[in-house]
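Protein chains in written order, with the numbering used here: chain V, 1 to 389; chain F, 1001 to 1145.
These are computed hints drawn from the structure, not numbers from a lab.
Accuracy of the hints is not assured; some may be wrong.
Part of the chain F face toward chain V, derived, beta carbon under 7 Å [unchecked claim]:
(1) C1111
(2) L1113
(3) G1117
(4) N1118
(5) A1124
(6) Q1127
Don't be surprised by glycine CBs; every beta carbon is placed ideally from N, CA and C.
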Amino acid sequence: MTEEKDAAHVAAQASSKLQVLLVEDEPADAELTLRALRQAGFEANADLAQTEEEFTELVRKHCYDVILADYKLPNWNGMESVELLRREGQDVPVILVSGALGELTAVECIKQGAADYVLKDHLARLPESVRRAVRERALRQENRQAQEELARSNRDLEQFAYVASHDLQEPLRMVATYTELLAERYQGKLDANADKYIHYAEDGARRMQKLVQDLLAFSRVGRQGMAIESTDCNVVLHASLLNLEAAVQESGAAIESAQLPVVMADSSQLIQVLQNLIANAIKFRGSVPPLIRVSAETKSKEFVISVADNGIGIAAEQMENVFVIFRRLHARAEYPGNGIGLSICKKIIEQHGGRIWVESGAGQGSTFRFTLPAQATTKGGYGQNNEKS
Amino acid sequence: MKNPEILMVDDNPADIDLTSEVLAQSEGHFRVNSVNDGVEAISYLRREGKYVRAPVPDLVVLDLNLPLKDGCEVLSNIKADPCLAKIPVVIFTSSEANSDVTRSYKMGANCYLRKPGNLAEFVAAVQSMAQFWLGFASLPKRERR
Chain V
1 MTEEKDAAHV AAQASSKLQV LLVEDEPADA ELTLRALRQA GFEANADLAQ
51 TEEEFTELVR KHCYDVILAD YKLPNWNGME SVELLRREGQ DVPVILVSGA
101 LGELTAVECI KQGAADYVLK DHLARLPESV RRAVRERALR QENRQAQEEL
151 ARSNRDLEQF AYVASHDLQE PLRMVATYTE LLAERYQGKL DANADKYIHY
201 AEDGARRMQK LVQDLLAFSR VGRQGMAIES TDCNVVLHAS LLNLEAAVQE
251 SGAAIESAQL PVVMADSSQL IQVLQNLIAN AIKFRGSVPP LIRVSAETKS
301 KEFVISVADN GIGIAAEQME NVFVIFRRLH ARAEYPGNGI GLSICKKIIE
351 QHGGRIWVES GAGQGSTFRF TLPAQATTKG GYGQNNEKS
Chain F
1001 MKNPEILMVD DNPADIDLTS EVLAQSEGHF RVNSVNDGVE AISYLRREGK
1051 YVRAPVPDLV VLDLNLPLKD GCEVLSNIKA DPCLAKIPVV IFTSSEANSD
1101 VTRSYKMGAN CYLRKPGNLA EFVAAVQSMA QFWLGFASLP KRERR
C-alpha cells in the first residue's frame, strides 16, 4: 500500500464520526478494539453482531463506515461477512481483527476482499488501517459516481443526437427538394447572383442531409446492441471492399491483405470500421495511386489489425484530433467529408473493448491500428459473454 | 382508369404541393384532393359533414405523422371499415424506421414508400407510385355509394 501524503485529509478523517459494526463474540475484545479507535480520535459508535443472522439484519438496517470482524467465531468466520456484503451489494470495508492469523490465511483473506487485517495484540495499528479503508471506500464511491455520471451523459448525448438528427430530416428534406425545384425552374432566368445563391443553398442543404445521416449512424452505434459472434476478418474485409468498389476502381487503389484472424465481434460494425479506414486511405491519397495494406498481428490477449496507406499522412500534432467527431483537418473543397467516419470507428472499437490509434507523419502515409480482445468483452452492448467473471 | 381520384393525407403543404405538381404534369389526368389531419381523412372517406359530396378515392396516399389522429390509426380505421377496406393505401412518409414499415404492412397497408430526400427521386417515386397503382394494377370497380 502506498503512503498517504494528504495530511489534511487524514486530519479531517481522524476527528470524524465512525459507525462501526463489530463482529465479535468476546465483549472484552470488542471493548479493547473500540478503545483503540477512540484513543486515536474517532467518535466511534458501534453495534455488535455475533451471528450471521444478526449481521445480515444490521447491515440491512444501518450504514456502516467499517466492519471489524474477528476471524474465528463459534458459528461462522469473519470472512463470510465479506461474501455476505457482496451479495447484499454493499461496499463496506471489512478489517479482520483477529488473534494469530497465519501469513497464508491473511493473504488469502485480502485476496478475497478484506480491506486489511490487524492482530489483536497490535491494536495500535487499527486506527490507521481504518482511516485508509474508509478513505479508499470514499474514493471508490467517487469513482463509481463519476463513471455513472459519464455513462448517463453519454446516453443523453446519444439520445439527443438521435432525436435531433431524426427530427431534422423532415424540414431539411423540404429545404433540399424546394431549392432543387427552384434551381430547376429558375436557373438562368434570374441573374448570375441568383444562380449562385441558389447553388449555395442547394449545396448547404445537401451537405446538411449527409451530416444528419452520418450523425444518425453515429448515434446508432451506441443505441443498437451488438451481435457478437465469431467473425472472420477476411470475410469482413471482402465485404467492405465490395462496398467501396467504385472508389477503389476510380482511384486505381491496390489493396494487399495478409491472412486475417477470426475474432469475436459484431460483423456489420466491423465491416463499417474497415470500410471507413480504407475509404479514408483512398480519399487522402497522395499523387500516386493508393497502396493499402491490411494486416494482423496476434498478441497474447488481443489481435492488432492494421490498415496502412501511402497517402498524405497526418501531422504529428493532429494525430489525436482525427478521432474527434466533426474534426476535419482539410478544407472541404480539398477533401469533402464531415468528420464523423473515424469517430464512428473509435466508438465501435471501444464498444468491443479495443483501442484504435494512428501512426503517421505528414507525407509519410498513415497506419491505423485497432485492437480486438482475443476473448469477447462487451461494453454497453448485449453481446454474449460466456466467461465467468 | 379514367380520371383516377387520389386522396392525399398529409400535414405538410409543401409535400402536398410537390406531389400534386408532379401528378399534374404526368399523363394520367389524376385528380388530387388533400386533407391535413387524420380526423379530416376519416370524415372525407366517410363523406361526413362538408365532405358529403366528396368523390370516393381510388387510392389513398397517407403520411404516418399526422395531427389529431396519426396515420396508423387512419389506416386501421380504413381497413376495419367494410366500405373502405378495398381502397389501396400507400403509406408515404419520411420515416425510415423499420418498425414503422413492419407495422404498416401488418395493419394492411398496400405499399410503404419513403419520401426521398432529393427532388429527382421524389418526382420518380411519385410518378412510379401513380403509374403502378393507377395504371398497371387492377383495382376494384368504383361503386356508387
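Violations among the numbered hints: 1, 2, 5, 6
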